[in-house]
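A.B. asks: Chains as they are written, first to last, in the UniProt record's numbering: chain A, 1 to 236; chain B, 1 to 180; chain C, 1 to 560.
These are calculated hints, taken from the structure and not from any lab test.
Mixed in with the good hints there might be a few duds.
In the SDA-like style, the derived pairs of lysine to any residue whose C-alpha atoms are separated by at most 20 Å in a straight line are [claimed, not checked]:
1. A:Lys80 x C:Asp488
2. C:Lys550 x B:Ile37
3. C:Lys514 x A:Lys7
4. B:Lys74 x B:Pro41
5. C:Lys550 x B:Val139
6. A:Lys59 x C:Gly523
7. A:Lys82 x C:Glu504
8. B:Lys50 x B:Ile37
9. A:Lys80 x C:Gly298
10. B:Lys175 x A:Asn106
11. C:Lys315 x A:Gly163
12. A:Lys170 x C:Ala310
13. B:Lys132 x C:Asp488
14. A:Lys82 x A:Asn106
15. B:Lys74 x C:His551
16. C:Lys514 x C:Leu530
17. A:Lys59 x C:Gly189
18. A:Lys80 x A:Asn106
19. A:Lys80 x C:Leu530
Facing chain A, according to a computed beta carbon distance under 8 Å, are these residues of chain C, among others [stated by the list, open to error]:
20. Pro128
21. Pro321
22. Glu471
23. Ser472
24. Lys475
25. Cys476
26. Gly482
27. Met485
28. Asp488
Label pairs and their calculated CB-CB ranges [said to hold, decoys possible]:
29. B:Asn172 x A:Thr184: 41 to 47 Å
30. A:Glu218 x C:Gln206: 46 to 52 Å
31. B:Ala32 x A:Asn58: 56 to 62 Å
32. B:Leu78 x C:Lys546: 27 to 33 Å
33. C:Lys546 x A:Lys82: 31 to 37 Å
Glycine is no exception: its CB is placed at the ideal position from the N, C-alpha and C atoms.
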Amino acid sequence: MNTIDIKINERSLKVLPGITILQACRDNGIDILTMCHLKGLSDVGACRLCLVEIEGINKLLSACTTRVASNMVIRTDTEKIKRYQRITTELFFAERNHVCSVCVANGNCELQELGYKVGMDHIRYPFLFPECKVDTSHQYFVMDHNRCIMCTRCVRACSEVEGAFNWDVKNRGFQVRVISDFDTPWGESITCTSCGKCLQACPTGALWSKDVVQGQLEKHPEMITELVEKRKLLLT
Amino acid sequence: MTKKKIGTVWLGGCSGCHMSLLDIDERILDVARLADIVKCPIVDGKEFPKVDIALVEGSVTSDEHLHEILHIRKQAKLLVALGDCAVMTNVTGMRNYLQLNEVFDTAYVNAISNDQSGTVPNHPALLRLHDKVFPLQEVVNVDYVIPGCPPSADAIFYVLFEFLNDRVPDLNEVKKLKYG
Amino acid sequence: MNRQEFKDLVIAETEKTKNSTCKHKICICCGAGCISSGSEAVMKKLQEEIIERGLQSEVEIIPTGCMGPCNQGPLMKYLPENSIYQKVDCSNISQIVQSQVIEKKPIEHLLLFADSRERPFSNADEDPFFSKQLKIVLKNCGQLNPERIEDYLVHEGYRALDKALFEMSPEDVIAEIKQSRMRGRGGAGYPTGLKWETVYKYVNDQKYVICNGDEGDPGAFMDRSVLEGNPHRVLEGMAIGGYAVGASKGYAYIRGEYPLAIKRFEAAIKQAKKMGLLGPNILGSNFSFDVEVRIGAGAFVCGEETALIASIEGKRGTPRPRPPFPAESGLWGKPTLINNVETFAGIAPIINNGGEWYSEIGTPKSAGTKVFALAGKINYSGLIEVPMGTSLREIVFDIGGGIQGGGEFKAAQTGGPSGGCIPAEHLDVKMDYEALVNLGSIMGSGGLIVMDQSSDMVDVARFFMEFCMDESCGKCVPCRVGTKMMHDLLQKICDNNASRIDLERLEELAVYVKEASLCGLGGSAPNPLLSTLRHFRNEYETRIGKYEEKHIEVPQTSEV
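Modelling step: build the complete structure from the supplied sequences, incorporating the hints.
C.D. replies: Take a look at the structure:
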């Protein structure tokens, strides 16, 4: 198969044309931080953690949505990118009410992991402490907006994999919230199939099932990826 | 070599960080060789003395805490925020999106209790809660932070030991960073 | 209607106008600005007056689009003398008709700028407000009735479309636009010809043309005035664009806050369709083009092209990362040409007069004219059109008549919440895309807000940040949380509660949000902040100094 030459962090690589920079990095063991990306779901470039520098382009581009091109020279590890990743992480924590010690996802949380990876020991920005609702109306599951980081992985898992279109987003700016149906309690949703895919897609403790307690939530986002890949196999 | 002085204090927190500090077990002897612990919640003494290292647990929730942390900042060469409450308000900050009177009503008026009077205590000797809880770094200069709820005993010992040996600890390096 | 019929119709309409018995024409501005100051009542009263005096066969009353000096409205223009009357109300109609129409004497104290100029001009074109302008896009605004396609036909209307369809190939049209060196008037200034060529080159059986009329900058009303004053010009530009790139369908995305613009544009589409200037086989050619209006629901971010496209598709109006650009994958994944209202309105004159003619106007890098919406602490605010490279001084002092109450010019904000301020020491800057970028501002879509000494620049930065914070779509983290954090820090500075560390943090955040944001909204949201910091840093320092005086002992925050 035809490959093209690219360079990532001084490493010369041969990759398939048409793949994303993120894919090229992951295929070649180059670590790249992501939050809104989940393999199998469409990419939206919203978390801005996977920003990379590309020679000849004066903007930072998100690796998950930018495709490789012949002779592209990419850097994923510059001081600036690392600094920006840390700021992004801090903004995630400062935006809503992330209280790790009482969270079901404590120890199994992608946001926590992200903090460790960027070496965030404290948050330099004032916490916003917004008033967020906790929706416990569903028979099995809970949506805790305090812990939501608006990665919209649940929204995409629900629409793209389950096809139920239960989740969507309302409002603008820092007041955005994930909503069920037309902003009704989740328990009253007429579209939710209670499949639980959104729970698996969620990187934090925002979506969880009622049978777990603090620190006991286990998530398997790779389940979504597997499902999508197996379906592809079925179709071919 | 003169021994260094360590002081610890417990502001708006649950004392769990101090429990974790005690969990360094026999390594307290290593600390004791290099420093005296001149103030801590179980050491008697009114004023926070001049120290080399101040370990501060908990966040700033009241006028008394504010007064104390400002005083400690003046007394300490090195101020270390100990635990999630001190670093990011943690559980103590969970009242920040509520009104203070809602908090009082929930705790004293509406809560099921043997005390049927249902009044909010209001004695002049009691501390006054602030409307909002702040992490230490929003109130004073903080020199080092150890997040965690509680931070592991290993992390606390590591940081103390490094500082006592005039080295700057790096929690990232030794993978002791932890929240919650 | 085929080409010959169209030509006959144009000739017939022109003859009809020429042979009209009406020796007098009275134009009344019926743009949204003048309507809100009462021009409709004035028009009704004028009609009654004319009937009362039995002058129906001599006086023609034309409701027109924006004439320019909006804060002097309602405006009434008397032709052929070209005398403009300002702040007309029903009580002085009779007097004006008597004096101007019957006795042929203008009433000086009611003329435009009579209350501020030593002597007003009875021919408004001699007034510096107009004489310094060069109207290409706005040429027929204020002259013709925007609700009558016949008026537009008399003023060279659809001549460019006719020329493009029958005398030029799509390549010729693109070459002409490229030669004109026109740049997109939406704000970023991307060369229009290049964009058209890119869309043209993508092979696809379905392509789209979108006209971006989602003008949301505070204080900007260029697009609204063009859509209200001459909707057919925009429609013609879109059709030419469709022909050039090979698109058969166009969408005009107009913000819902412009009901009059929507009404007139929709009426224009209907009229054009009826005449065969839109729809299948335009003027008997092989080219078919249809236009539909889409109404924006009030989100500023929908002015961003990818968000606008999502909105037309019926999705939540949020931007997506580029590349791929709309030229490659736009509306419903098809190649899409998306230009601003003003860009499309500038197309017909280029086709009619040639790209070379257009390229000679303006500066070497920015050709043509630019429409600005003048607002703020200025004597004459309103809608103006000047050649690129006109100095800010000429705009503010010659056209705008200087600062209100004889105050001192402090700064001018261009580009609204995405732009920056230009301080007094740069008053002589020749306004074009590059010069403004060099000063840390942008051309933007053309809002120009003039500020005097009473303006507090920190508060100005805070205001625009609040706007961006409210209008951020909330999709990407830097813009969603970053604008909120920056706003809070700016508020803190305004309240004299911020330390030096807060300012450092603010500056770091500003650069981060600018570089890391997903779309242009976040990418330009810190611009007002960064430019006020650049030109008026002392105002920030003063406030921080005030804080430090209060808190000499306890620095409030610090780096760990």
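A.B. asks: Now tell me, hint by hint, if it's right for this structure.
C.D. replies: Hints and how they fare:
1. A:Lys80 x C:Asp488: Roughly 24 Å between the alpha carbons, so the hint for A:Lys80 and C:Asp488 is violated.
2. C:Lys550 x B:Ile37: Roughly 35 Å separates the two Cα atoms, so the pair is violated.
3. C:Lys514 x A:Lys7: Given that 20 Å is the threshold and the Cα spacing comes to 26 Å, the pair is violated.
4. B:Lys74 x B:Pro41: Within the cut-off at roughly 19 Å; holds.
5. C:Lys550 x B:Val139: 15 Å, holds
6. A:Lys59 x C:Gly523: It holds: about 10 Å lies between the C-alpha atoms, which stays within 20 Å.
7. A:Lys82 x C:Glu504: 18 Å, holds
8. B:Lys50 x B:Ile37: At roughly 11 Å apart (the allowed maximum being 20 Å), B:Ile37 and B:Lys50 satisfy the hint.
9. A:Lys80 x C:Gly298: 36 Å, violated
10. B:Lys175 x A:Asn106: The hint holds at about 17 Å.
11. C:Lys315 x A:Gly163: 16 Å, holds
12. A:Lys170 x C:Ala310: 15 Å, holds
13. B:Lys132 x C:Asp488: 16 Å, holds
14. A:Lys82 x A:Asn106: 25 Å, violated
15. B:Lys74 x C:His551: 14 Å, holds
16. C:Lys514 x C:Leu530: At roughly 10 Å apart (the allowed maximum being 20 Å), C:Leu530 and C:Lys514 satisfy the hint.
17. A:Lys59 x C:Gly189: 17 Å, holds
18. A:Lys80 x A:Asn106: 30 Å, violated
19. A:Lys80 x C:Leu530: The given pair, whose Cα atoms are some 19 Å apart, holds under the 20 Å limit.
20. Pro128: 41 Å, violated
21. Pro321: The hint holds - C:Pro321 has a Cβ within 8 Å of chain A, the shortest such distance being about 4 Å.
22. Glu471: 7 Å, holds
23. Ser472: 4 Å, holds
24. Lys475: Given a least distance of 5 Å, the restraint on C:Lys475 holds.
25. Cys476: Hint holds; C:Cys476 Cβ to chain A Cβ min 5 Å, cut 8 Å.
26. Gly482: 6 Å, holds
27. Met485: 5 Å, holds
28. Asp488: C:Asp488 check passes; min Cβ-Cβ to chain A is 7 Å, inside 8 Å.
29. B:Asn172 x A:Thr184: 41 to 47 Å: Holds, at about 44 Å.
30. A:Glu218 x C:Gln206: 46 to 52 Å: 47 Å, holds
31. B:Ala32 x A:Asn58: 56 to 62 Å: 58 Å, holds
32. B:Leu78 x C:Lys546: 27 to 33 Å: 31 Å, holds
33. C:Lys546 x A:Lys82: 31 to 37 Å: Holds, at about 36 Å.
Figure legend: structure checked against the earlier numbered hints; hints not met, in rising order: 1, 2, 3, 9, 14, 18 and 20.
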